[in-house]
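With the hints as extra help, turn the sequences into a complete structure.
Quick note on numbering that gives the first Met the number 0: the sequence shown kicks off at 0 and runs consecutively.
Be careful, since some hints might not be right.
With a Cα cut of at most 20 Å, we get these calculated SDA-like pairs of lysine to any residue [said to hold, decoys possible]: (1) K47 x K58; (2) K47 x R213; (3) K97 x R213; (4) K58 x V190; (5) K171 x S70; (6) K97 x A86; (7) K47 x S203; (8) K97 x A109; (9) K58 x K171; (10) K145 x R213; (11) K58 x G40; (12) K65 x S188; (13) K47 x E207.
Since the hints were derived computationally from the structure, they do not count as laboratory data.
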Amino acid sequence: MKPCSEWSGRVRRLLAPLMLLAALSGCATTGPANPADPLEGFNRAMFKFNDAVDTVALKPAATVYKSVLPSFVQTGVGNFFGNLADAWTAVNNLLQGKLEAGMTDVMRVAVNSTMGLGGLLDIGSEAGLPKHKEDFGQTLGRWGVKPGPYVVLPMFGPSTLRDTVVFPLDLKGDPWSYAEPTHTFVVGSVVRVVDLRAAALDASALVEDAALDRYEFIRDAYLQRRESKVHDGEQQRAKSAAAPAMLPDEAVSSDTTTPTTPGTASTITTASAPVIQPVIQLVPLDGTLA
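The following block contains the structure:
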């Protein structure tokens, strides 16, 4: 059995009981502070679990990774997996009717896979081809499907009900999920996770120092950023036009990702996406995860 099929089966088996548990938790939770988070009791428990795993395993590994490996190696790792992710992004941009963005993504994959030595070099960005990040959850949102309740999944981090349901399809759309043999897939996936965590070290430290309630901060930032990405920043641009003094153009986010060097973060929202995510979403936490 190929790694993709194995992972899809495991994810489906994991998500079914999780959603039942989330529903039961939601029934036991009264008066949620945020109407988008009716499962707050369950979500906070999962948040604490993920945070513990990050503290014990992922963050230390990312710290060593960032300290030991030369920056050009980290850049190559990020470029390689980012190039693979561009293929699924292209599919979703085309499904959303964004033909120009979709063809740009196709060109990025073609250029980086050939001239970029299999994606290790990001020649596409140097040639003026902007990088995007799209998944099927965003595609459904573009088609009008509502996100549903906020959900924090163990090991997978922040999500919504809509995105959780279609995650197995996103997994199938990740070319790395088909890597063989299995040990190559596993090792590469671990490196991918650690590389992305290393890139978010500075931003996560900033959140830890600044946020009074990290759960609320990450939840609200994640939901806001996710909604922005679904609509390509259109709602924020409308607000900016209505009140430019209150929301400067610089604060408006879009679906275009500006490449950064390893271990750097352009905005505080880099830490608002999950730190521990499914393999398919490890591209980039959005600058948020991805």
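Check your understanding: Tell me, which hint numbers fail for this structure?
Key -> Per hint list: 3, 5, 9, 10, 11 violated.
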